[in-house]
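Trainee: Chains as they are written, first to last, in the numbering used here: chain V, 1 to 211; chain B, 1 to 211; chain F, 1 to 211.
These are calculated hints, taken from the structure and not from any lab test. Do not rely on the hints blindly, as some may be mistaken.
[Unchecked claim] Stretch by stretch, here's where chain V covers chain B in the computed footprint (C-beta under 8 angstroms, at least three residues):
id, region
1, 48-57
2, 63-73
3, 142-155
4, 167-179
Glycine included, every Cβ here is placed at the ideal spot set by N, Cα and C.
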Amino acid sequence: MRCTILSLVSLFCGLILAQDDGNTPETEKTSETQSCFPDTCNLLKEFGSLREKLGIMETRLKDSENQILELKKKETTKIAFSAAIGGNGQQIGPFNTDTTLIYKTVITNIGNAYNEHTGIFAAPVTGLYYFTFYYHAGGSHPVSLVLIKNSQSVVTAYDHQTLNDGADNGGNAVFMQLQQGDQVFIRLGANTNVWGNNAITTFSGFLVNQD
Amino acid sequence: MRCTILSLVSLFCGLILAQDDGNTPETEKTSETQSCFPDTCNLLKEFGSLREKLGIMETRLKDSENQILELKKKETTKIAFSAAIGGNGQQIGPFNTDTTLIYKTVITNIGNAYNEHTGIFAAPVTGLYYFTFYYHAGGSHPVSLVLIKNSQSVVTAYDHQTLNDGADNGGNAVFMQLQQGDQVFIRLGANTNVWGNNAITTFSGFLVNQD
Amino acid sequence: MRCTILSLVSLFCGLILAQDDGNTPETEKTSETQSCFPDTCNLLKEFGSLREKLGIMETRLKDSENQILELKKKETTKIAFSAAIGGNGQQIGPFNTDTTLIYKTVITNIGNAYNEHTGIFAAPVTGLYYFTFYYHAGGSHPVSLVLIKNSQSVVTAYDHQTLNDGADNGGNAVFMQLQQGDQVFIRLGANTNVWGNNAITTFSGFLVNQD
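Please put together the full structure from these sequences, using the hints given.
Mentor: Pasting the structure below:
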């Protein structure tokens, strides 16, 4: 019967150990009042550490899940557009004031950040963007195009009036950090012109990296 | 010996509790037939919930691993090319029909989606792509370049014959959603020309985002 | 008392099982010396397998965490720049030798890989990059621009002297695989010129995909 009693004592001591904070020095644990069969003690101690480890892992897993969500969110924010001036082939301008160009023929507008009624791209998220524009224009008037961020000129394209050359071609491109809501558009300078159809004078942009 | 018997009773009641669905109200659990030492009961109840929690976490971990695989797969799909017409400096065209331009000098072809023998880029995966092309051309003939998606014109570049200007330069760019297998290429219009060498008349593209 | 002894025997057998390597055939486990109450046996066997499963999951979780770190690292490496030649509107060149163009007006320089004092972009990480440049130039001299990778010409833009046309415009673009430290810049050919201000003759680039 000594065996039975010892076993039960060991069970109780184990339960006590399982409840302790884990900081009790090992020497104390093997003191007379807590002496027990090593197997039972170890099992119950391990149960406590298993429970603790599981809690830590759950926190790490939750953290990983959140980071994956962040990565997927950025990965799924696709913003890109390309649009042409539109029309069946016609001169746009010259106007007697600076005029925002409205590229009416949408080729691509993923994320609907470009507004084909106003010509304005509005950044849906803060991040790094790329814009590029190309023009074709008759030589009878100059060409002046400015890519504007809110009210600030960023990059331009220009050509003189050319009576000896039938047409002008050009463009520009820029990487820009934008805040959510920043507006980007192309302004045609006063007294200048571009050629408009569905394919030749274009404005494009995309979100490179979301912040 | 009462202590021994009580202990064992508590062990059995604990095992019974460990099998229950966890929804038994606390009051019932402390009823006469299941009365036990709280320590033992709690230990065994916790074992059941630990086992359950581990199962849930394993499912969540598997889900996270799959999402990471998806993210890595998209991250590793790199498609980009740049090619020039090639040659040691020669006029390409004019031809009496529209002709697909074959950019023979490959500068970059990551993913081998561009075929330098046909001039055709075939989308290896569905997604958002960017294409851009630039030309240099003698002024003695017009220039007409059209970026084609399958059989559809998307963006163009054009210049007139110019006897008074030695050369024409231009290009265009576009973002386009492509389905896997869609073909993109540059068509030189009938009776027009570009200048060909290893660096000046180019065609480039890349996969922006995989769907 | 038989019940008590049986219980304790079952406890011990369980502890023995909990220590085995899990490969013992089921038939052996139910042999006479290890016969025990199924509940206790199962509980302790499950404890062993729980401990094992937790270890495996911890390894998998660590692996997932590392992969997320890799994904985030690549995702956070943002390299992009745009710069203009600068000045208030002035002719750059002609010089009697090839000259590296220094785009002094930084519009964007995320990652500081472009040096506005030397005109040189140095790749901070190995990967796929995109570069594009645009020029405006007076027609009284030719234009020759070459995008150089280390000492190798990659893409060019060129226009003849044009006494009958006030200005020339053009550019080019290229995707290139770069090793960490590779240098990319624009060289103005001897006896040629571009027009310099803060917006019209530009050089831009960005990291498309990190390797």
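Trainee: Are the hints correct? Go through all of them and say.
Mentor: Structure-based check of each hint:
Only residues whose beta carbon comes within less than 8 angstroms of a beta carbon in chain V count, and the region 48-57 of chain B has 4; three or more means the coverage holds. Counting residues of the region 63-73 of chain B whose beta carbon lies closer than 8 angstroms to any beta carbon of chain V gives 4, which reaches the threshold of three, so the coverage claim holds. Beta-carbon proximity to chain V at under 8 angstroms applies to 4 residues in the region 142-155 of chain B; the threshold of 3 is reached and the given coverage holds. Proximity of the region 167-179 of chain B to chain V, defined as three or more residues with a beta carbon under 8 angstroms from a beta carbon of that chain, is established by the 10 residues found.
Going through the hint list in order, the structure satisfies each hint without exception.
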